[in-house]
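Asker: The residues making up each chain are set out below.
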Amino acid sequence: MTENIVQYSPRGRARAIKGFLRQFLSHGGAQVGLVCLVFFLIVATMPNMLVGPLQTAINATGDFLVPPSGQHLLGTDEVGRDVLNLVVHGARISLTIALLATVISLVVGTTVGMTSGYFGGWVDTWLMRITDFFFVMPSFVLALVITPVVLEVMGRGGDILGFRPSLFVIIVVIGMTSWSFVARIVRSQTLSLKERTFIDRARVVGSSNFGIMVRHILPNLVPQIAANGALVVAGAIYIETSLSFLGLGDPLQPSWGTLLSLAQRAGAASAGAWWYLGAPGVCALTVSLSFVLIGNALDDTFNPRRRAIP
Amino acid sequence: MTNSFQNKAPLLEVDRLSVDYGLKGNSLRAIDGVSFVLRAGEAVALVGESGSGKTTTAMAIAGLLSPNARVSEGVVRYRGERLPIDDDAAMRPHRWSETSVVFQGAMNALNPVHRIVKQIAEPCMLKLGMSRAEATARAKELLELVGIPADRGAAYPHELSGGMRQRVMIAMALACRPSIIIGDEPTTALDVITQAQILKLLGELRSQLNLALILITHDLSVVAECCDRVMIMYSGRIVEDGTVAEIFADPKHPYTKLLIDSIPNPANGKKMIRPIPGDPPNLVNRPSGCAFHPRCPSAMAVCTTEVPSLDKFGQGRVACHLHQSLQNKVTVHA
Amino acid sequence: MRDTADILRLENLQVHFPIQGGLFDRVLGRPSGAVRAVDGIDLTIGRGEIVALVGESGSGKTTVGRVITKLAQPTGGNLLFDGRDMSSERGASPLRPYRRRVQMIFQDAYQALNPRHTVFDIVAEPLRSLRLVENDAQLTERVSEALTGAGLNPPGDFFARFPHELSGGQRQRVVIAGALAVKPELIVADEPVSMLDVSIRAQILQVLVDLRDKHNMALLFITHDLPLAWLIADRIAVLYLGKLVEIGSADDITYNPRHPYTVALLNATPQIGGDADRGKLPALQGEVPSAARVPKGCRFHPRCPLAFDRCRQEEPPANEVGPRHMSACWLAK
Chain E
54 MTENIVQYSP RGRARAIKGF LRQFLSHGGA QVGLVCLVFF LIVATMPNML VGPLQTAINA
114 TGDFLVPPSG QHLLGTDEVG RDVLNLVVHG ARISLTIALL ATVISLVVGT TVGMTSGYFG
174 GWVDTWLMRI TDFFFVMPSF VLALVITPVV LEVMGRGGDI LGFRPSLFVI IVVIGMTSWS
234 FVARIVRSQT LSLKERTFID RARVVGSSNF GIMVRHILPN LVPQIAANGA LVVAGAIYIE
294 TSLSFLGLGD PLQPSWGTLL SLAQRAGAAS AGAWWYLGAP GVCALTVSLS FVLIGNALDD
354 TFNPRRRAIP
Chain X
9 MTNSFQNKAP LLEVDRLSVD YGLKGNSLRA IDGVSFVLRA GEAVALVGES GSGKTTTAMA
69 IAGLLSPNAR VSEGVVRYRG ERLPIDDDAA MRPHRWSETS VVFQGAMNAL NPVHRIVKQI
129 AEPCMLKLGM SRAEATARAK ELLELVGIPA DRGAAYPHEL SGGMRQRVMI AMALACRPSI
189 IIGDEPTTAL DVITQAQILK LLGELRSQLN LALILITHDL SVVAECCDRV MIMYSGRIVE
249 DGTVAEIFAD PKHPYTKLLI DSIPNPANGK KMIRPIPGDP PNLVNRPSGC AFHPRCPSAM
309 AVCTTEVPSL DKFGQGRVAC HLHQSLQNKV TVHA
Chain L
711 MRDTADILRL ENLQVHFPIQ GGLFDRVLGR PSGAVRAVDG IDLTIGRGEI VALVGESGSG
771 KTTVGRVITK LAQPTGGNLL FDGRDMSSER GASPLRPYRR RVQMIFQDAY QALNPRHTVF
831 DIVAEPLRSL RLVENDAQLT ERVSEALTGA GLNPPGDFFA RFPHELSGGQ RQRVVIAGAL
891 AVKPELIVAD EPVSMLDVSI RAQILQVLVD LRDKHNMALL FITHDLPLAW LIADRIAVLY
951 LGKLVEIGSA DDITYNPRHP YTVALLNATP QIGGDADRGK LPALQGEVPS AARVPKGCRF
1011 HPRCPLAFDR CRQEEPPANE VGPRHMSACW LAK
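Quick note, the sequences are listed as chains E, X and L, same order. Residues 54 to 363 in our numbering are what the first sequence lists, from first letter to last. Residues 9 to 342 in our numbering are what the second sequence lists, from first letter to last. Residues 711 to 1043 in our numbering are what the third sequence lists, from first letter to last.
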């Protein structure tokens, strides 16, 4: 009998998840977003298999600024590197930065927002003042402040988890500037959740504050976190692109933003080398857009009455 | 009292009314062949549990069905004239001036940013073509009528108590001088003492303005206080119809009997709990035959297959195979 | 000596919520008021006794239930459970022994159940968090037992269901099963049937009465419905604006009410065919005043048809008007 029962519980959950997926996948926006995203994820996971190792000025295969042709599908840059090669490798770097930054921002934002909303009082007041501080902090200024610190700590040539210092700075900066958005949403949702009767019931049946937050509030926040998380990724790609474009990227690990910056500096716009500027630009745009579509689809699926995203 | 309305001409006739709700392609029958007659000044209660179709019936009569509902059969006649209940635009002139509705949640039905006198004056201006001054005067008159001092008209809805808001709702319903008021659980959210006040007010208005009242409720004891006739609904059909005195003294349908027994009644001194087994049916899987048969203590074989017709029985009507067979026996012996 | 007859004793229990004045008021040092939700209540519940707490909305009846279940903190008076003062205990782990003995049933079962938890998890939650089971087999056994006790048969069929897959009556049974799983000595039931269909109410009441009959659980039944209280309770306590106006046996309160408010409540309650005693008093006017502005003297005097001078000046004490029958009215002697 016991075995029977142990199997029951996950079955109920599996059914709920299946129902959710069916609804989510029937959403037009979600389909478009997912197709684009899966394409870029595949590209990002195996750049070496698709286009060979990252080209540098030394192993460049083409002429300078050649327009797209059979040999170089997306043309070449000012030192003769294949743009397709650069963009594919850039996908890996851009997506990794965006996803890692999003994880940081979701973890910090959810923890702060939930703690703040659940406990209220002075905890809420102080945490929200800190949140406000990060909310108004410009990412570029923060990056300028942090870069020397990080360089000091890890040395110019070193790397953390395979990231060179400037990329690490970008991840930290995006994480630090975007969690406050998540924290505000999570807090407001927590404020309304904690008034629900099932929280009272959880208290009466002896659950601790930590247990209530983890088992009762967090699962009910998942829709909000997921829907907004997708938007945070889109935002992270955008910030990453702009920070790199402003020169904070690392030429040895070029993201799409770095490529745009290089193209700009090489005078691609005035030279009419549209492929050099266009390829990374379109990629960044498409990925951001697909995350936004997925975020909206998640929001629609989780709550059919379509609450406007704050 | 039992027969005082029988002789009057019918004000409202509901004839074999059926309403379907469209739900992802397949439709669900919410009410199934509901027929009854309402006479001027009469107070009729539609009693049933959630999903019994009582609200759908009332909303259909008022022409306020939700967009996914469809009148699939039947007609509603007002003073002998067919009402275009499924045509929103054609229904507009009839709404509020012939039938008007007092809803349950007064707080949701009132606009929080307007003073109440303005909200009552609005339909007077739109429907009766009154000037603003005339409409305001009329609104104040209506407030006095429902027992709110006219100077309270300057208040906003949130400044009023629940009972006062319900009074405002009644004043709004009366604005265009309707002859039928439909009360959709008008006192459910109120405390007993406030409920008694509102029911008393409805009774007074009824005799004062010769209003007919359709009271939708799940609470049989409320019906005992303020209605002439009761119709018990179960799973989209009327199962019993009779005068209040008759139904409470001698209920015919087993469901009615059990419902009455499940209301604690200190007056008869019997402290006993007699649960009705099972759950109310939902629209998706309505039981075959008589919808009550799975919960009925006196169900017979025929109940599982055939829908009992709502036949005349004494003063009222009852839809139960048990009573049809009893009646047949009586006629055979006679 | 501790009194072993009573499981719960409330002594002059008070819950006042302070009204936060605006910044100006605070700067000018104006005194800020308080909402006197519960304003000095004395009530006992015996072991295995069903006591109904009857009142209108705003009477403070829900707050009393929340204080007993430690969801709200009293601002004055004592809450004695089994002779021990629990009024200042707080925090999940210090309250664990208390929670094993006192549980609650909520009005709106749909709201009281986490929509993302299965029935098994919901009923298992108290057993896990109150450390009442040692292993999974025991957990499953206790959950099955509780679901059966609440009338959900066979229990295995319900384990994997989510609250939205249940009917209203089944949901309330799940809430009851959650409270029952703990095997408490006292259950606070806050309007447990008011959201349910009429035909389901009797089923749920039957389950509650069975709890007392089979397990000798005491029950505080909070309701606004006097006939319902009469049906289920041994004793009824009538609450008006944060204070008890009358306490007595269910029959005494129903057939021999000694406070004008109780009489008014009974008169206002719609009844089938029971109008013999109507018309003794005129119907009440107006509504319950705000608990932030409690009237001076007897708090019922502004609405009382029998009020006289003394009622406007002095608050009446609880007078004994019969065996275990108290009425807080100057006229009840």
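Note that these hints are calculated values from the structure, not bench results. One or more hints might be untrue.
[Unchecked claim] Output of the computed footprint for chain X on chain L, the stretches with three or more beta carbons under 8 Å from beta carbons of chain X:
1) 784 to 798
2) 806 to 820
3) 874 to 881
4) 897 to 911
Note that beta-carbon positions come from the ideal geometry of N, C-alpha and C, so glycine has one too.
Asker: Evaluate each hint against the coordinates.
Answerer: Comparing the hints with the structure gives:
| no. | hint | verdict |
| --- | --- | --- |
| 1 | 784 to 798 | violated (count 0) |
| 2 | 806 to 820 | violated (count 0) |
| 3 | 874 to 881 | holds (count 4) |
| 4 | 897 to 911 | holds (count 5) |
Checked against the numbered hints above, the structure violates hints 1, 2; every other hint is satisfied.
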